[in-house]
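Heads up: the protein sequence lines correspond to chains F and E, in order.
Quick note on numbering: the numbering used here labels position 211 of the first sequence as 211, and the sequence is numbered without any gaps.
Quick note on numbering: the numbering used here labels position 33 of the second sequence as 33, and the sequence is numbered without any gaps.
Incorrect hints may have been included.
To be verified - Simulated crosslink set (DSS-like; lysine-lysine; CA at most 25 Å straight-line):
1. K460/F / K294/F
2. K460/F / K93/F
3. K147/F / K89/E
4. K448/F / K294/F
5. K448/F / K460/F
6. K89/E / K146/F
In short, the hints are calculated from the structure, not lab data.
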Amino acid sequence: MIQFFASGMSPLVVMIAGAVLAAALSFYVSNRVLGWLSVVTMLITFILLFMIIGGEIPNPQTFGNVMVEDDFAAVFQLIFLSVGLITVLPSVKYIEGDRNQGEYYSLLMLSVAGMMVISASTDLITLFVGIALTALASSSIVAFRKKDRIAVEAAMKFYIISALSAGLALYGISLLYGLTHTLQISALASSLQGISPSSPSFPTAMVALVLIIAGFGFEIAMVPFHMWAPDVYEGAPTPVSGLLSSGSKKAGLAAILKLFVVALIAFRTEWAPVFGALAILTMTVGNIAALQQKSVKRMLAYSSIGQAGYMLIALPVFAAAFGYHGIYGANLQVFSISSGIFQILTHAIASSGAFMVVAIMATNVSGPTVDEFRGLFRNNRLLSLSFTLYLLSLLGIPLLAGFDSKLLIFSSAVGGSIIQGYSWLIWLAIAGVLNSAVSLIYYVRVIKEMFSDTESPVTKYRMTGFAQLSLWIATVATVAIGLYPGPVISICNGAARALLALL
Amino acid sequence: MIPVLDVTIFSAALFSVGVFGVLYRRNAIMVLLSIELMLNAANINFVVFSGTAPTSAASADGQVYALISIAIAAAEIAVGLAILLVLWKTSDTVEVNEVATLRW
Numbered sequence: 001m002i003q004f005f006a007s008g009m010s011p012l013v014v015m016i017a018g019a020v021l022a023a024a025l026s027f028y029v030s031n032r033v034l035g036w037l038s039v040v041t042m043l044i045t046f047i048l049l050f051m052i053i054g055g056e057i058p059n060p061q062t063f064g065n066v067m068v069e070d071d072f073a074a075v076f077q078l079i080f081l082s083v084g085l086i087t088v089l090p091s092v093k094y095i096e097g098d099r100n101q102g103e104y105y106s107l108l109m110l111s112v113a114g115m116m117v118i119s120a121s122t123d124l125i126t127l128f129v130g131i132a133l134t135a136l137a138s139s140s141i142v143a144f145r146k147k148d149r150i151a152v153e154a155a156m157k158f159y160i161i162s163a164l165s166a167g168l169a170l171y172g173i174s175l176l177y178g179l180t181h182t183l184q185i186s187a188l189a190s191s192l193q194g195i196s197p198s199s200p201s202f203p204t205a206m207v208a209l210v211l212i213i214a215g216f217g218f219e220i221a222m223v224p225f226h227m228w229a230p231d232v233y234e235g236a237p238t239p240v241s242g243l244l245s246s247g248s249k250k251a252g253l254a255a256i257l258k259l260f261v262v263a264l265i266a267f268r269t270e271w272a273p274v275f276g277a278l279a280i281l282t283m284t285v286g287n288i289a290a291l292q293q294k295s296v297k298r299m300l301a302y303s304s305i306g307q308a309g310y311m312l313i314a315l316p317v318f319a320a321a322f323g324y325h326g327i328y329g330a331n332l333q334v335f336s337i338s339s340g341i342f343q344i345l346t347h348a349i350a351s352s353g354a355f356m357v358v359a360i361m362a363t364n365v366s367g368p369t370v371d372e373f374r375g376l377f378r379n380n381r382l383l384s385l386s387f388t389l390y391l392l393s394l395l396g397i398p399l400l401a402g403f404d405s406k407l408l409i410f411s412s413a414v415g416g417s418i419i420q421g422y423s424w425l426i427w428l429a430i431a432g433v434l435n436s437a438v439s440l441i442y443y444v445r446v447i448k449e450m451f452s453d454t455e456s457p458v459t460k461y462r463m464t465g466f467a468q469l470s471l472w473i474a475t476v477a478t479v480a481i482g483l484y485p486g487p488v489i490s491i492c493n494g495a496a497r498a499l500l501a502l503l
Numbered sequence: 001m002i003p004v005l006d007v008t009i010f011s012a013a014l015f016s017v018g019v020f021g022v023l024y025r026r027n028a029i030m031v032l033l034s035i036e037l038m039l040n041a042a043n044i045n046f047v048v049f050s051g052t053a054p055t056s057a058a059s060a061d062g063q064v065y066a067l068i069s070i071a072i073a074a075a076e077i078a079v080g081l082a083i084l085l086v087l088w089k090t091s092d093t094v095e096v097n098e099v100a101t102l103r104w
C-alpha cells in the first residue's frame with residue numbers, strides 16, 4: 001500500500017479507479033454518494049500531487065520510457081485537477097434532475113485522467129492515447145443531455161473537430177517516425193538535429209510540422225482553427241464548458257510544449273515566426289469577437305480563445321532564448337516556459353470559476369445574457385463579487401493572479417526582443433497589452449451591469465454548499481496567487497526546468 | 001518487396017482523400033469515414049516505415065503505434081456513431097449543414 005502511494009503513477013491510478021468506481025457503483029448507490037465519491041477521489045489525488053511537488057514522493061520517476069512523473073507533469077496535473085474540482089462541485093446541483101449521473105462523473109474523471117496522461121507522456125504513443133482519452137470522454141460528456149438538441153449538435157461538432165485534429169496530428173507524427181524511426185520525444189529532439197534546410201528530408205519534416213501545428217491548433221482553438229470553440233462551449237452543459245475551456249485546452253498546450261519545446265526544437269527557426277503570428281492573430285480575433293457577444297457563455301468562450309494567444313507567446317520567446325548565451329544565460333529559457341505555465345494556471349482557475357458562475361445562473365442551455373446580470377449584486381453577494389474577481393483577473397488587474405502572469409509573459413517577450421533576429425518579439429508584447437485594453441470593454445460591461453441599480457426584481461440564485469465551495473476555491477486561489485505569487489512562480493520554474501531536462 | 005516510396009505515395013493519396021472528404025462532404029457519416037481514411041493513411045505510414053527501421057526495437061515502435069491507433073480509431077468510431085445516433089433522434093438529420101442551431 002505504502003509502496004503504491006510512493007509511486008509517481010498513484011495520482012493517475014487513483015483518478016482512473018475513481019472513474020471506474022463511479023460508473024460501476026451508479027447502479028447501487030444514490031446520486032449524492034456519486035458526487036461525494038468524485039470529490040473525494042479528486043481530493044486524494046490532490047494530496048498525492050502536493051506530495052510529489054513537495055518531494056515527499058520522489059520525483060522525477062520514469063515509467064518504462066513512456067511516461068515521466070516530474071515537476072512539469074505534476075504542475076499540469078495540479079492545474080487539471082483544480083479545474084476538475086471546481087467543475088465537479090457545482091455539477092452536483094446542475095445535473096440534479098438528469099438520469100445516468102454515474103456516467104457524468106465517470107466521464108468527467110476520465111477526461112481529467114486523459115489530460116494527466118498527456119502531461120506525463122514522454123513518448124508520442126502515450127501522448128496520443130492521452131489525447132484520445134480526453135477527446136472521447138469529453139465529447140461524450142458534451143452530449144450528456146442526449147435529448148437536448150443544442151447539446152447534441154455541440155457534441156457532434158466537438159467530436160468531428162477532435163477526430164480531425166487527431167487525424168492530422170497522427171499523420172504528421174507518422175512522417176516524423178519515418179524520418180527518425182523513434183517516437184521518444186527526447187530521442188526525436190536529437191535525431192531531428194541532423195535535418196538542415198538543405199537536406200533532402202527537410203520538406204517532409206516541414207509537412208509534418210504543418211500537420212502537427214494544425215492538429216494541435218484545433219485542439220487548443222488557435223485562430224484560424226477556432227471556429228468550433230464558441231459553438232461547443234455554448235452548447236455543452238455549462239460545467240463541462242468550463243472543463244473544456246480550462247482543462248482540455250490546457251492539455252493541448254501541455255502537448256504543444258512537450259512537442260515543440262522538446263521534440264521539434266531543431267526546427268525552432270521555422271516554427272517560431274508561425275507561432276508568433278498565430279499568437280497575435282489568436283488574441284486579436286478572440287478579443288474582438290468577444291465584444292459583440294450577448295450570451296455571457298459565448299463571451300467567455302471567445303475570451304478564452306483570446307487568452308490562448310497570450311499563452312502561445314511562450315513558444316517564440318523560448319525559440320529565441322534557446323541557444324542564446326548573452327546577458328540572460330539560460331535564464332530566459334526557463335523564464336519564458338515558466339511564465340507560459342503560470343499564465344495557463346491563472347487562466348485555468350479564473351475561467352473555470354467564471355464558467356461555474358454562469359452554470360449556477362443557468363436556466364437554459366445557452367446560459368444567461370449580459371442583461372440578466374443587471375443588479376445581481378443586490379441579492380447575490382458571493383456570486384457577483386466572485387464573478388467580478390474572476391473577470392478582473394482575466395483582464396489582468398493588479399493584485400489578482402491574472403495580472404502577475406500577464407506581466408511575466410509580456411516581460412518575457414520584451415526580454416526576448418533584444419536577441420538578434422528576434423526583435424519582432426516586442427510586437428507580441430505590444431499586441432498583448434493592446435488586446436488587454438480591448439478586453440476591458442467586454443469584461444467591464446458585465447461588471448457594470450452587476451452593480452447597477454434596477455427596478456425589476458432580481459432572481460436570487462440558490463447555491464448548494466458544494467457550489468459555494470467551488471466559488472471560494474477559485475476566489476481564494478485568484479486572490480492568494482495575486483497577492484503572493486512567489487511560491488507558485490517557483491513551482492512553475494521547477495516545471496519549466498523539468499521540461500527542459502527532457503531535452 | 002514493394003518500394004517504400006510507392007506505399008508512401010499511396011498513403012499520402014489516401015490522406016488527401018480523407019481531408020477532402022472531411023472538408024467537402026456534408027453527411028456526417030461520410031465525414032466519419034473520411035476521418036477513418038486519414039487515420040488509416042497514418043497507420044500505413046507507420047507500418048511501412050517500421051520496415052526500414054535500423055533496429056528491431058525501433059521497428060516495433062511503429063507497429064505498436066499502428067496497433068494502438070487502430071484500437072483508438074475503433075473506440076472513436078463507437079463514440080462517433082453513438083453521437084450521430086442521438087443527433088438523428090433529436091434533429092432528424094445527420095447533414096452537417098442542416099444542423100446549425102448554433103452558428104459556426
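query: Which earlier hints turn out false for this structure, listed by number in ascending order?
result: Structure breaks no hint.
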